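S.K.: Listed below are the residues making up each chain.
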Amino acid sequence: MTKNHRLNSISAGTEAVFHVVIGLFSICCIIPFVFVIIISLSAESSIREIGYSFIPRAWSFNTYTYAIQRLPQIWRSYFNSILITVVGTFLSTLICALYSYALFRPDFKYRGFFNFLSFFTMIFGGGLVPTYVICTQILGLKENYAALIVPLLVSPFNIIIMRTFFKSSVPLDLIEAATIDGSGEYSTFFRVVLPVAKPGLATIALLNSLAYWNDWYLSLLYIRQNKILQPLQALLMELQNNVEYLNRMSASLGASAIQEATRAPTQTLRMVLVVLIVVPIACAYPFFQRYIVAGLTIGSVKG
Amino acid sequence: MKKILALALALIMVFALVGTTAWAEEPVTLKIWFHGSNVTPDASQKVLDELNVYLQDKIGAKLEVIWGTWGDFDQSVVTALAGGDDVDMVFTCNWSADEYNRYARDGYWVKLDDMLPEYGADLLSVIPEGIWECAKTNGYDGIGIYAVPALKDTATQNCWDVNGTLLAELGYDVDAVCEAGLDYYSDEFEEMLQKAKDYKAAQGENDFYPLVVEPMVLERLVTVTSIVTGDLPGAAVLSFYYDKDHPSNDIGSEIVNKFATPEFEKYAKRTYELAQKGFISPSTQNVGTSNDYLNACQQSASYLFGTQSYAYGCEIDFSNARGIDVRMVPADAPYMDSTSGQGAMMAISAVSKNPEKALEFLNLLNTDPYVMTTLNYGLEGFTFEKNDDGTITFIQENRANYSPWRNGMGNIRILPPTADEGLSYWDDFSAYYNSAEALPYGSFIFDNSVVETEGAAIANVFAEYAFGLCSGATDPDTVLPDFLQKLEAAGMSDFVAAANSQMAEYLAG
Numbered sequence: 001m002t003k004n005h006r007l008n009s010i011s012a013g014t015e016a017v018f019h020v021v022i023g024l025f026s027i028c029c030i031i032p033f034v035f036v037i038i039i040s041l042s043a044e045s046s047i048r049e050i051g052y053s054f055i056p057r058a059w060s061f062n063t064y065t066y067a068i069q070r071l072p073q074i075w076r077s078y079f080n081s082i083l084i085t086v087v088g089t090f091l092s093t094l095i096c097a098l099y100s101y102a103l104f105r106p107d108f109k110y111r112g113f114f115n116f117l118s119f120f121t122m123i124f125g126g127g128l129v130p131t132y133v134i135c136t137q138i139l140g141l142k143e144n145y146a147a148l149i150v151p152l153l154v155s156p157f158n159i160i161i162m163r164t165f166f167k168s169s170v171p172l173d174l175i176e177a178a179t180i181d182g183s184g185e186y187s188t189f190f191r192v193v194l195p196v197a198k199p200g201l202a203t204i205a206l207l208n209s210l211a212y213w214n215d216w217y218l219s220l221l222y223i224r225q226n227k228i229l230q231p232l233q234a235l236l237m238e239l240q241n242n243v244e245y246l247n248r249m250s251a252s253l254g255a256s257a258i259q260e261a262t263r264a265p266t267q268t269l270r271m272v273l274v275v276l277i278v279v280p281i282a283c284a285y286p287f288f289q290r291y292i293v294a295g296l297t298i299g300s301v302k303g
Numbered sequence: 001m002k003k004i005l006a007l008a009l010a011l012i013m014v015f016a017l018v019g020t021t022a023w024a025e026e027p028v029t030l031k032i033w034f035h036g037s038n039v040t041p042d043a044s045q046k047v048l049d050e051l052n053v054y055l056q057d058k059i060g061a062k063l064e065v066i067w068g069t070w071g072d073f074d075q076s077v078v079t080a081l082a083g084g085d086d087v088d089m090v091f092t093c094n095w096s097a098d099e100y101n102r103y104a105r106d107g108y109w110v111k112l113d114d115m116l117p118e119y120g121a122d123l124l125s126v127i128p129e130g131i132w133e134c135a136k137t138n139g140y141d142g143i144g145i146y147a148v149p150a151l152k153d154t155a156t157q158n159c160w161d162v163n164g165t166l167l168a169e170l171g172y173d174v175d176a177v178c179e180a181g182l183d184y185y186s187d188e189f190e191e192m193l194q195k196a197k198d199y200k201a202a203q204g205e206n207d208f209y210p211l212v213v214e215p216m217v218l219e220r221l222v223t224v225t226s227i228v229t230g231d232l233p234g235a236a237v238l239s240f241y242y243d244k245d246h247p248s249n250d251i252g253s254e255i256v257n258k259f260a261t262p263e264f265e266k267y268a269k270r271t272y273e274l275a276q277k278g279f280i281s282p283s284t285q286n287v288g289t290s291n292d293y294l295n296a297c298q299q300s301a302s303y304l305f306g307t308q309s310y311a312y313g314c315e316i317d318f319s320n321a322r323g324i325d326v327r328m329v330p331a332d333a334p335y336m337d338s339t340s341g342q343g344a345m346m347a348i349s350a351v352s353k354n355p356e357k358a359l360e361f362l363n364l365l366n367t368d369p370y371v372m373t374t375l376n377y378g379l380e381g382f383t384f385e386k387n388d389d390g391t392i393t394f395i396q397e398n399r400a401n402y403s404p405w406r407n408g409m410g411n412i413r414i415l416p417p418t419a420d421e422g423l424s425y426w427d428d429f430s431a432y433y434n435s436a437e438a439l440p441y442g443s444f445i446f447d448n449s450v451v452e453t454e455g456a457a458i459a460n461v462f463a464e465y466a467f468g469l470c471s472g473a474t475d476p477d478t479v480l481p482d483f484l485q486k487l488e489a490a491g492m493s494d495f496v497a498a499a500n501s502q503m504a505e506y507l508a509g
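Quick mapping for you: the protein sequence lines, in order, are chains A and B.
Be aware that the first sequence starts at 1, since it is given in the numbering used here, and climbs by one per residue.
Be aware that the second sequence starts at 1, since it is given in the numbering used here, and climbs by one per residue.
No lab work stands behind these hints: they were computed from the structure.
Please note that a few of the clues may not be correct.
Stated by the list, open to error - Calculated pairs, BS3-like style, for lysine-lysine (alpha carbon to alpha carbon, straight line, at most 30 angstroms):
| # | chain 1 | residue 1 | chain 2 | residue 2 |
| --- | --- | --- | --- | --- |
| 1 | A | K142 | B | K46 |
| 2 | A | K142 | B | K31 |
| 3 | B | K58 | B | K386 |
None of the values given here were measured: they were computed from a predicted structure.
The shape of chain A in the complex, shown without the other chains:
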């Protein structure tokens, strides 16, 4: 065993090079986030004097205290984000699984049409204004949670991924066998097919939960009066946009813009909000990770 190389193994030198390359890449990914954490903990005076720095002149927790005490909306937004993400992920994954299962079954008569229906919308969108009009005036999607969930429910891209996944991992014989054993369509789907397709589902669920967690645009369009429903990302976007807008417009707004800008959140506050937003979703990754690795490798020829 010691003398024999393991199957698929590579030479120590190559492995070292790979490790260095991948290690550098990981550092590139991590450093910005560490930097954000450091800035969020820097004293405002330090930033004013020496700008952003890995070693600030003074540390301070003040901004965290301020954010948590003075922005009551943060907690409400946290709740909103979590609610939207959980409900949205569950519903969208379910719909995606149901839709793509039907497309995957060769005995489904209207496969071609429904395939086209989802594929077509992936390439040609309706445009912002028509979408907006349909959502607000026909579907009543404004100033409510539904407006933050429904527009993202169906993603054609995910449907195609899922359909391909079903094709490569669920043998048709399995469904046939279940039918012969007397299982109905729903029972086959939920009891036989879904358990086999778990890795695929987890991948779709992660993609969906990211989409829901990171979304601020729906809130910008549909939540205007009832701002208590704003998710966390929308809150951050709003603060950030305010600062940028005032800077950009200062020439045309004159003194009143500068007066407003002094009231805008400080640079550390913005970083604090980034940290508060990123931490929960970062926690979701390890949870989905093992399924994702499985999802990526499943179907490939195993060594």
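Place chain B on chain A using the hints.
M.R.: Chain B only, in chain A's frame:
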């Protein structure tokens, strides 16, 4: 079972009947969309509940407010207007995305001229004729008023922003220097900059730059020129020269290519010279960092001279915010043009079902101190307390949750003064702005859509050269001729000629 069903049906009918009669008596709900607000839903609810009781009594209407913020106003209001949302009144102006003049042309606002005498009689008398004149634009239904202008800081005045504390430390008599005014081309001006730089260097601050400005504002301030409303957005290439002491005097000037004048050349040379001597930071000379650098320097009071488009009383705010003695030294007399008159307006949306009611409300908002104070400052005992002398003091804790943009609502001169502002604040405020003279071209607005192609080409050339020249980063001796040549090639002459012919037409009537 049938009995129960019959009973249920009967009950539904009764409720339906009650429902419809209640509906009939329901007051009109008006929806208004403000810009730049920082208002939490709870605070908004609390204020509106009380205000609506008053409004129902006065005009039989209820108000719903969309508190637009700075950042997402542009994007969401444009979508909502295009999507035909049922909003009755929308904030508009000549600098945001729902640009007043353009949307008036495209038919998004209700033309108010015929409605004003009936539903806005008080408004007509409260807002001065000059401001109404500024609000006139060539809309889809001919020239007229398409939004109610706000009676706020309605004049423009360019000032030098002087760090009085630093100037005193340098051994100058601050009052005397400010009284005499500053001359950009004088040796004394340069000497003060040099002294400040040496003084800071002696303290170990080697990266101190005494002249911290917005380059494009500095250019206007020094050359005594105004913005021409309707110039290219983000690429102002037109200038109008006016009389420094009496802006309304006709000195026979026309709209000109900003960069082709001897005054501009003189300005660019001087700025380049000052930059070479190390008085202007490289951060000021970079479009990307200029604004952030300016803000940072102002907050930490690390400058000697800056530029400021003046708003009445702003030196007090600035002094408090920066912890130094900020002085404003006027470079010219205040003047009024359509840019200042269209800074904040409330338009009635063309899809509004109750435009008359909406105008009645705007009439009340601009003339009834209770409505304006409640909407702008909140409720007594909640966001502010009344003092014995008639001023008010904010309850900071709640005010932080209810801070609309004060200037964006309308006639702010009927607000009570705060204790910091002092009792005579609004009188002085009005006196200052009423003294502003209108420029000779009145409220002319250039419609640059007729020379759109030239405009796009000019904007590209502008982006390449203008900022460097205005901030002293590039040497005008070598760069300016190239720049002017490229502007000509892009069609600058036609652009200027179009502006002048439109102005001549406007002035002819």
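S.K.: So which of those numbered hints doesn't the model satisfy?
M.R.: none
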